[in-house]
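K.L.:
What follows is each chain in one-letter form.
2 protein chains.
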Amino acid sequence: MTAILLKGASIVYDTYTGKQLCNLNVYIEDGLIQEITEKSTGFKSDYVVECNKKAVLPGLANTHTHLAMTLFRGLADDLPLREWLEKRIWPLERKLKREHALVASKLGLIELVKAGVTAFADNYFFEDALVEATKSVGLRALVCPPIFDGEFEEHTLSHVSNLVLSQRCDALVKWGFGPHSIYSCKKETLEQIGALSKEHEIRVTIHLAETRWSQVLCEKSFGKRETDLLEECGLLSPRTLASHAVWVTKQEIRKLANYEVSVSFCPVSNMKLAEGGVAPVPELLKEGVRVSFGTDGAASNNSLSVLETIKIGLLLIKHSRWDPTLLKPHEALLIATKNGYEALGFPKHALQTGNAADVITLDLRTPSVICHRSVPLPNRIVYAPVATVDVIVSGKPIMINGKILTIDEEEAKQEFTKALEDF
Amino acid sequence: MTAILLKGASIVYDTYTGKQLCNLNVYIEDGLIQEITEKSTGFKSDYVVECNKKAVLPGLANTHTHLAMTLFRGLADDLPLREWLEKRIWPLERKLKREHALVASKLGLIELVKAGVTAFADNYFFEDALVEATKSVGLRALVCPPIFDGEFEEHTLSHVSNLVLSQRCDALVKWGFGPHSIYSCKKETLEQIGALSKEHEIRVTIHLAETRWSQVLCEKSFGKRETDLLEECGLLSPRTLASHAVWVTKQEIRKLANYEVSVSFCPVSNMKLAEGGVAPVPELLKEGVRVSFGTDGAASNNSLSVLETIKIGLLLIKHSRWDPTLLKPHEALLIATKNGYEALGFPKHALQTGNAADVITLDLRTPSVICHRSVPLPNRIVYAPVATVDVIVSGKPIMINGKILTIDEEEAKQEFTKALEDF
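If you read the protein sequences in the order shown, they are chains A and B. Position 333, counted from 1, in the first sequence is what the UniProt record's numbering calls 333; the numbers after and before it change by one each time, with no gaps. Position 14, counted from 1, in the second sequence is what the UniProt record's numbering calls 14; the numbers after and before it change by one each time, with no gaps.
Intra- or inter-copy, both count: the list cannot distinguish identical chains.
In silico SDA-like cross-links for lysine to any residue, where the CA-CA straight-line distance does not exceed 25 Å: (1) K250 / S320; (2) K250 / H180; (3) K186 / L85; (4) K396 / L172; (5) K403 / D363; (6) K318 / P282; (7) K418 / A387; (8) K39 / I400; (9) K318 / R212; (10) K328 / W90; (11) K328 / V278; (12) K403 / A387; (13) K413 / E50.
Simulated from the structure, these hints should not be mistaken for lab results.
Using the sequences and the hints given, assemble the complete structure.
P.N.:
Laid out in structure tokens, this is it:
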């Protein structure tokens, strides 16, 4: 295994504890953080990464995206969700082939790396292509092929469960079930997924209460709220990651908390699709729900940057409650790292000896990051844009000094540009 | 004067007309765009800037900021406006000296340049220091020293009017009056500013209806809305640039339109301070008000990037109206360039022969900018972050290939870091 020395880091900020230290060296070997220390000598390393004017912190998690949708970025802007889906996205998806998904996933992965994301959840077509791309780049992913009761034969429960149950999860890639939503699956399908998830301890991602429409439809069809229906189907558990959760009631929030369900907060996608409402993040957090951040796909954001989503998410919560004191930058970083990793089922990556070495560095030479000494790092990097310089996942160097090492960025861009011609 | 050839630009996008062309050369001399042409030879240029994989467009205007507040970035986060002002900002400002304002303005200018901003309005203490910094960097500025009826002797009307009336405006720097707000000036002061503005044709910037509190106070004190009071004081005219305009009525909007007042929309600052409400941008635009974008100061945003403000502004309008079709990226770029320049009193900088050469280039190698050929440039650069590569103002190269030419960036950062120690 590669050994890496992050040398002379100006700031080491552990999002898990909020502890901020200066001028330290981080030594990484065997996929783990071995030592965080003042001494910079005596280490045998394959890579010495100079970290003067850089901040070292745990990598960010993007807990809701559809990477191959980078192909459709900009093709469905400024539309309501139903029209976005039916008039633009579905017709495009009918042309989608595995080779498109592969190159589109690679481009999405490059964007994630450059935004300091080290782990993500994905839910889209041709997930085996996504896994191929993810393994070539080296990020961690929870991969949940979507399940519909509809026109996509490859995405019926039987196909997806055969696929998922035959895969071997490893330290970097985990497979799960991705029932798209309550409105696109039959109740029996959801019940079967609930049973399989329990029996095989398999994670599940699902769109929950993204719009008023989906809640109203659920009430009309089943006489109950979406969260209650998921409970009935055995789909509320610590293995479930529910995206959006905009239109949930207090009673639903308590239920999500009781069952230890994780929630992905996707403020940019929600604002852009403008279905109204704001996910009740303060109430979710207060009840103990494991909230994290998701960007959603590139066709509905259109950026995959978690840091951008954090800024906009904090602004949205403060603005909608007329309360600027709600949700602080250090809380946002805690939930974007610790909560995100827990929601995806990946190991602890707090900056402490023995933890997973999923580490990023940010550029402290950016003018907007230069602040008074009393300003903590989270405020510097959350409220103004900052560049990611280095990315290490499970001890492996993915990007060093802005250069991606694991795949050829130019080649990936060319392949992607070529694939766009098919649409 | 310098002659510059922007050679082989992949995209030339004129925000004024929405016209997007490919593979063109832009020739700049004597401060003006001389030619936009397919041929790339036959020009005698001091600078040849390779523009393959770059988009050329008119520079952005930031119509509301307080540059020297870069000193206070991060020192007053997550507070309501009155507390932000009284507990944090005012005590800090009492320690502020001219030399601080000079180095802080330089850092702010560097940030503006790197964000593609070529012109801005400023309203803060020690505006002569801001002007010195602005002239050294080479941007265009409308500089409006604040006027208060309060504790700041240098900022009474008599001091400021002596200063402003003794200054010579030039092509790059214009002086104006900056009465802070209705609640921090006496009515007689506002009336005198109105008369001076009319007599000497001098521009005025003022905070208008930023909070419910300021409107309520105005109603209590004068029995009328803020816009009506400004009218009574002779302060509604095409020379006036009103910032925020969140809590205005339909009747006020019509009045702003009738008098051709400009409005600076500052969504990020408004959301972060969370005083509630959303500036009625669709109604303002519909009535014909010249709306543009402002970031506000670094202590209340905390970024000076207009492109970031545009994205968040569009999201906020769509979200708050439950209507994703409102405000499109090309409209946003039109108002961020044309409207901004008009609001500040600077010349037309549409990408056409004979106009002011205030031009920026953006990096089209960014993964998120690579889209299907049918996606127009505005959608690519508004909804996902993109880097500015070159900045030219009035035909002068300010930043070329990411390197600022007019001042020493490292020295400016060091001086700024040193100045922070005084706070």
